[in-house]
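Visitor: Input sequences plus hints: build the corresponding full structure.
These are the residues of each chain, in order.
Protein chains: 4
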Amino acid sequence: MLHEECGVFGIYDIAGGDVAHTIYYGLLSLQHRGQESCGIAVSNTSDPRGKVLSNKGMGLVNEVFTGDDVDKLPGNIGVGHVRYSTAGSSTRENAQPLVLEYVKGTLALAHNGNLTNSPELRENLAYTGAIFQTTIDSELIAYLVARERIESESVEEAVGKAMKKLHGAYSLVIMSPRKLIGARDPFGFRPLVIGKRDSAYVFASETCALDTIGAEYVRDVEPGEIVTVNSEGEIISDHSNCLPKDRHGHCIFEYIYFARPDSTLDGISVYESRIKAGKYLYEDDPIEADVVAGVPESGNVAALGYSMASGIPFGQVFVKNSYIGRTFIKPGQKRREDSVMVKLNAMRNAVEGKRVVIVDDSIVRGTTSDRIISMLREAGAKEVHMRISSPPFLWPCFFGTDVPAREQLIAFERTIEEIREKIGADTLSYLKLERLGDIVSNKINICRGCFTGTYPENPPEEDIRGEFEK
Amino acid sequence: MLHEECGVFGIYDIAGGDVAHTIYYGLLSLQHRGQESCGIAVSNTSDPRGKVLSNKGMGLVNEVFTGDDVDKLPGNIGVGHVRYSTAGSSTRENAQPLVLEYVKGTLALAHNGNLTNSPELRENLAYTGAIFQTTIDSELIAYLVARERIESESVEEAVGKAMKKLHGAYSLVIMSPRKLIGARDPFGFRPLVIGKRDSAYVFASETCALDTIGAEYVRDVEPGEIVTVNSEGEIISDHSNCLPKDRHGHCIFEYIYFARPDSTLDGISVYESRIKAGKYLYEDDPIEADVVAGVPESGNVAALGYSMASGIPFGQVFVKNSYIGRTFIKPGQKRREDSVMVKLNAMRNAVEGKRVVIVDDSIVRGTTSDRIISMLREAGAKEVHMRISSPPFLWPCFFGTDVPAREQLIAFERTIEEIREKIGADTLSYLKLERLGDIVSNKINICRGCFTGTYPENPPEEDIRGEFEK
Amino acid sequence: MLHEECGVFGIYDIAGGDVAHTIYYGLLSLQHRGQESCGIAVSNTSDPRGKVLSNKGMGLVNEVFTGDDVDKLPGNIGVGHVRYSTAGSSTRENAQPLVLEYVKGTLALAHNGNLTNSPELRENLAYTGAIFQTTIDSELIAYLVARERIESESVEEAVGKAMKKLHGAYSLVIMSPRKLIGARDPFGFRPLVIGKRDSAYVFASETCALDTIGAEYVRDVEPGEIVTVNSEGEIISDHSNCLPKDRHGHCIFEYIYFARPDSTLDGISVYESRIKAGKYLYEDDPIEADVVAGVPESGNVAALGYSMASGIPFGQVFVKNSYIGRTFIKPGQKRREDSVMVKLNAMRNAVEGKRVVIVDDSIVRGTTSDRIISMLREAGAKEVHMRISSPPFLWPCFFGTDVPAREQLIAFERTIEEIREKIGADTLSYLKLERLGDIVSNKINICRGCFTGTYPENPPEEDIRGEFEK
Amino acid sequence: MLHEECGVFGIYDIAGGDVAHTIYYGLLSLQHRGQESCGIAVSNTSDPRGKVLSNKGMGLVNEVFTGDDVDKLPGNIGVGHVRYSTAGSSTRENAQPLVLEYVKGTLALAHNGNLTNSPELRENLAYTGAIFQTTIDSELIAYLVARERIESESVEEAVGKAMKKLHGAYSLVIMSPRKLIGARDPFGFRPLVIGKRDSAYVFASETCALDTIGAEYVRDVEPGEIVTVNSEGEIISDHSNCLPKDRHGHCIFEYIYFARPDSTLDGISVYESRIKAGKYLYEDDPIEADVVAGVPESGNVAALGYSMASGIPFGQVFVKNSYIGRTFIKPGQKRREDSVMVKLNAMRNAVEGKRVVIVDDSIVRGTTSDRIISMLREAGAKEVHMRISSPPFLWPCFFGTDVPAREQLIAFERTIEEIREKIGADTLSYLKLERLGDIVSNKINICRGCFTGTYPENPPEEDIRGEFEK
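Residue numbers (this note's numbering), protein chains in the order written: chain V, 7 to 476; chain R, 7 to 476; chain F, 7 to 476; chain Y, 7 to 476.
These are calculated hints, taken from the structure and not from any lab test.
Check each hint, because a few of them may be wrong.
Copies of one chain are not kept apart here, so a pair can be met inside one copy or by any two copies together.
[As the list claims (entries may be wrong)] Within a straight-line C-alpha distance of at most 30 Å, the following computed DSBU-like cross-link-like pairs (lysine-lysine) qualify: (1) Lys360 / Lys78; (2) Lys438 / Lys202; (3) Lys171 / Lys110; (4) Lys78 / Lys326; (5) Lys438 / Lys170; (6) Lys449 / Lys326; (7) Lys449 / Lys170; (8) Lys57 / Lys202; (9) Lys78 / Lys185; (10) Lys57 / Lys171; (11) Lys167 / Lys202; (12) Lys326 / Lys428; (13) Lys388 / Lys449; (14) Lys202 / Lys388; (15) Lys360 / Lys449; (16) Lys360 / Lys428; (17) Lys360 / Lys185.
Guide: What follows is the structure in structure tokens.
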């Protein structure tokens, strides 16, 4: 499976109310973006020193924060983070938000994305005396901000200058003693939205977090934009790092798989984009069948789109065990052998004697697809037609998605027919590459790097993901 | 929400292979039947003393068993249990399986159900010198078996005699040093199935556990039957406690809500019974609408049946946060106020401007329905029609289901019209009482007690659930 | 090292004040009697049902009770226990107090000692239908009390009848809904004292616990006596199980090693008895030396007595690491190889060039003595004279002390000269057997079983300690 | 009570053997120097990147390292730390060793002491772009080393340059990928010794740690010296930061209280210095008495010296509960009210009717002395004479000792007679100031700052301890 690396959240209640519980609920709704570690850092803007209280740990939000942990974090400004590690190993030291003191007081940073020039940045910083206590990119960003701050009028000016040195993907939420800042790389790889609830301003990776906490959606932070909320409740916007829209490179996998379908990112409904992907799958390669179903959960909406376009009834074909998700996706977990059967089961009564269309968001190594198709055949399916709501992906992502090594990808040096044969489907088709723009109504410019090997921004010369742990 | 109280699992590998990992996977697949505590007890049939190793704890299966906990339970015979507490408070002492030594060696018991004569049994036992270290019914059953064993030829004979003294619901799996026994009350309130995998025999609450571990379904333990697996791998059946089929009282809520839809219980597919419930909901009270959807997860299959019958397209209208289930259903949890919004969100693009039919399995207090309907209206639904795949329930269950006090039930002293008004639906209808038999094709005799107040077996004179903690 | 198995504590505040914190402090002061597990059970005498709240766990008192754990145990009557396992394995199930419900309500038991007829009792109980959920003697005692209670007027009468069936050592504290009972076996093997603080009556294994909580010493429970504190604050005494004083068999090792030196047990100061033992060691076998020291902590007082009698200056020769005690005495602990050096170090400046007399309470396997003597020689001691404040012990204890198997005892089939040679001392002498009575001023009748093999009460025919775990 | 802040340990096995277990045992023997947090960091010198594995946590060494935690730290070079917080709050982030990456690879630092110019250092570093993730001095030291490293030939050269900027007390052990460095501030405030065991070189705060692991004492690191162990097993010494001996300022409280009596620091036996202190206490102010005893543990050796000089018999007067130490000294602990009685008890038989001399190392607030004297009187002492083996202290320590605010010190604005009256002693005398040099035989130059207010090095203008948490 592919993995997103992070979700970020920030809130500033100008009127002084405590925010930690809201961050907690916001992180719960972003949990799908990272299940390895999480953290909350808060401060009180009336404290002249801006002392930061934080709690971070390994595990899900409701595992790390138990009992009265959240109550012990008073403060009216704060940031939160959920993490899946692509760069930086999976240790407590690397949990975010990063909390630090620098020349102007305290900072807390939450970062979603992956820098492509971290080795150079790290080397440059080290050569001027920096020390690194983590292996996460956020520490590099913090250093750049701290250094730029010396000659800057404000923290947001320092963020702007630091951004000029950052390459790659980053959606940031930064808390300074009396300001909350949201910023996004000029390509807009990762999402970041602005919300408002009463006297509080909110930044979050996805709009679903706004819905959960009852905040109103204001707008997206634009690619390259720096949005600062100050203590008067003013929103100050800095567009100096922005690029023209046609150079943007929004990650299309946010729509295909990562984001929650109830989110709207950069003006595009995730639900709608999946419905469209399903429709195109049928329209571009129609087939006759008795039932269409999604591989839960991520294939469901595209399957519904397929059903709408084809008239083939939508069916619920699988039961998913909702209690065990994380156990099996945790890095370093052994005994994966039974994991598909433990997580999914096919319902004989739903498929027996039927021609089944199964929609999934992607095929990575192909092992899950293989098991799912066998499971359907064992449950009596007469035919199994696999439909994938994205093109075959073949290239690494340097911008915040965890893709296995190329050689492990089923699409590597295989034709679609060879893949079909390997997974045992009767037919197999993928979403066409030219349809990717259509599923977001061609309203935003997307990154197709993982399908084409062509990226909006130059990738690093060698694959540097995870280098600092080697 | 209603709660089942337990899931049971047992396995005996005649060839001597270790079984704890299989029990672990079996319990994972029965986790929906109980999330408060769980446990595994194993033994080695080649050990003359039948020493039992066990591990029990509060929490989900993958919370209690971490690291190499399962590896530390060697043995070729074992039982497992997942628990939600209705009788017996939610403490570690009450976790099952109950492990004990008696006149003939060791026993381990796992029990699903609720006895109706536990106060009398307890009193009788106490008056002859019994001491009680837990508040669970299983301890009473163990005592009766232990006492009957003295004058019996075999443990299964003792179980048979003990059963004559038990009233109420019980599906039992019992491990003695060299036998594994499955037994079920004469009314068959709770399910219990038999499976086989290679040299191992299995008992489980539902067939989904057999699928997960790759075992073949053999048959159901019959109501009143005692099935003994001995060390030769023979299956010995004792029907002396059985009742004629027309006196059976299978819990209909297993089909409507508790069991996993991929399970087949007493010959009836849970999936099919829900599809039928959805069809009858449409047929008995048709309405025009643009989309039909289930309240996840339990309403989905019935919604699909409604869609099939009506031709109204099935839609995915809600997103469920799959990471937080247990946090909010745990007894004693505070801060429930936001729980519906944290768990569910409606997708505007799926409902805006539409007439929506929503199918749920039941309405308990009505607060969730109320929130769901508001959520749909806020997301732009033009009409919201609520359909419930069971009749209104109004009566306590004494046979293993946790129903709130009558006064808390929305259907208590309210007409359907009053309920509709209270939850804010445009229309509301329930499954008709006379349809209950139809959804299981009238092949089995069911208990309708929670809808009618008439039970297959006399209920206790007063509500005794939870008495021993008072 | 030898190990005591338990410490018990009970308190009943007639005026209704909470007692859990007092039990906590009492257990802290009895911690030396058991470090494996501990527990507190409390109840409220104004609660008609006598509901018992308890918390038990593996570890030291301040490890098991952290945060507000003690605050969560409201109640004006309670018992506590610290445990080292001799009979019954070291698992959470076996932690005490044992809490149970029986025909007359609730009971909580804390037991110090070891029954010698537990197999027979267990068998008899099993043959009349008892089930056992632990492997501790306390469960047998509870059963006997529960059965006798049926035909008895009061719980104390039932305790008295049960005692007639118990053989071996037991000091008991029992909490019933409105009475607190202290009882002791007729031989008085293990201590039990009565204290009073304001409106509260207290039972404790040693007077040091009374000092810690600021209670006044009232008297010892007599061997065979049952002392009942009722809700009027009356103390009712039952002597019907008492034996003449010359049949008593107080454990002499309580004075030599187990008890804290600030305790007074059955009228004898532990401190004084150790001072005397040290004096006799010198008087019965005088030697010239430059310094005398104890092996910390248990040898210190006897060494002081030796110094007083001999005029040889008392010295502090060892430093003990006070942070690691339990880590190395915990059953099942590996890596014992360095344990003596980690726990003790000799001070060169205190011993270099000197003739050193070292006093210890006993030699068990001899490995520690060997290491200590080497350590002293490496630190420059010219001569090392070992003095042991008890006779060589050679026989098992069936009355509550954990003595290794005979073959592991250094005194087994060795003369004193052979022992001296093995441990490498220049001279070695033990307290003479005939001095044992003298160290308690011949005021109480003592058990010399571990030195002579002759016991006050018949031992079991075979060594049954720990049998139920086999 | 006064508190030391830290103990450090480092080891490098040139032959490649694993060192984590040795560090574990070394830290156990330094546990008295810090009980709040601890950590171990190791590396493998054959790994070209010098990857560091570490484990740190809150609590005692045997609480943080349990199960196979130590086994999971393979490597032949490593550092360890035990910590009591004076500067830097008591949080997991502040646990040491500090592990970091810098321009030349990895570093791990363990630090004992307190810098006096940390605010200036911090400010200077911040003004050149440093970020701080902890509030401990070690992070400042690491930054200085990292910055100096850029223009230095070697890490030890960088350490030497960094030391020129550090004011205050520091004993450091630093691990670089292939070197282990021990360094000490030019005044020698805190101890640091060198040991050797087979192919391994060791640094430790005290010689007792060498004894525990079976290493041979080589010599002390000299004040101002930098000792580097390289991969050839050579010891390279850099004296360029050393000061003449008469400017040294060894902390006299190491001898009086902090260090273990079996340690020898800078050539002076801690045991001997305490014996001498006891002797002077008698000689300078003789009194007649029946028994002399120490307040355990720290007063024992001085009491022994007093006994030797006076001929008054040494007695064991108190029993100390050895299981509860840390519970009551932990910062933030409530319910201190009973703590003296829970920790100590007086033995009536040892004091009744006697004139008692009690020796303690110091009086801080006086509350403990008050309780102890009452306890002795309640136990029947006829007279109680208090003797303190150090002069009254009145001034803050800026060099690594945690002294309460002046106003809380009993000696603040009180004459000795007033103190005597307040604590209720019959007589009271302190060690004379002029005796301090004598107790270390005037062989080393000591710091008397806490008694005189005159320090070897200028203290900071204002008390900056703990500032960064404010």
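Visitor: Each hint needs a verdict: does it hold in this structure or not?
Guide: Structure-based check of each hint:
In this homomeric assembly, Lys360 and Lys78 never come within 30 Å of each other (Cα to Cα): the closest approach is 56 Å inside a single copy and 44 Å across copies. Taking the shortest Cα distances, Lys438 and Lys202 never come within 30 Å of each other, neither inside one copy (38 Å) nor across copies (46 Å). For the identical chains of this complex, Lys171 and Lys110 are neighbours both inside a copy (21 Å) and across copies (23 Å), given an alpha-carbon limit of 30 Å. Taking CA atoms no more than 30 Å apart as the test, Lys78 paired with Lys326 passes between copies only; the shortest distance there is 29 Å, against 36 Å inside one copy.
When the C-alpha separation of Lys438 and Lys170 is checked against a cutoff of 30 Å, the pair qualifies neither within a copy, at 35 Å, nor between copies, at 66 Å. With identical chains, the CA atoms of Lys449 and Lys326 are at most 30 Å apart between copies only, with a shortest distance of 28 Å across copies and 35 Å within one. When the C-alpha separation of Lys449 and Lys170 is checked against a cutoff of 30 Å, the pair qualifies only within one copy, where the shortest distance is 26 Å, while the shortest distance between copies is 61 Å. Within a single copy, Lys57 and Lys202 get their C-alpha atoms as close as 25 Å, which meets the 30 Å cut-off; across copies the closest is 45 Å, which misses it.
Only within a single protomer do Lys78 and Lys185 lie at most 30 Å apart by alpha-carbon distance; the minimum there is 22 Å, versus 42 Å between protomers. Taking the closest pair of Cα atoms, Lys57 and Lys171 come within 30 Å of each other both inside a single copy (28 Å) and across two copies (28 Å). In the homo-oligomer, the alpha carbons of Lys167 and Lys202 lie at most 30 Å apart inside one protomer (27 Å), although the nearest pairing across protomers, at 52 Å, exceeds that limit. Only within a single protomer do Lys326 and Lys428 lie at most 30 Å apart by alpha-carbon distance; the minimum there is 24 Å, versus 33 Å between protomers.
With identical chains, the CA atoms of Lys388 and Lys449 are at most 30 Å apart between copies only, with a shortest distance of 28 Å across copies and 41 Å within one. Taking the closest pair of Cα atoms, Lys202 and Lys388 come within 30 Å of each other only across two copies (26 Å); inside a single copy the shortest separation is 52 Å, beyond that limit. Taking the shortest alpha-carbon separations for Lys360 and Lys449, only the inter-copy value of 25 Å comes in at or below 30 Å, while the best intra-copy value is 39 Å. Taking CA atoms no more than 30 Å apart as the test, Lys360 paired with Lys428 passes inside one copy only; the shortest distance there is 22 Å, against 43 Å between copies.
With identical chains, the CA atoms of Lys360 and Lys185 are never at most 30 Å apart, being 59 Å at best within one copy and 42 Å at best between copies.
Violated hints, in rising order: 1, 2, 5 and 17; the structure is consistent with all others.
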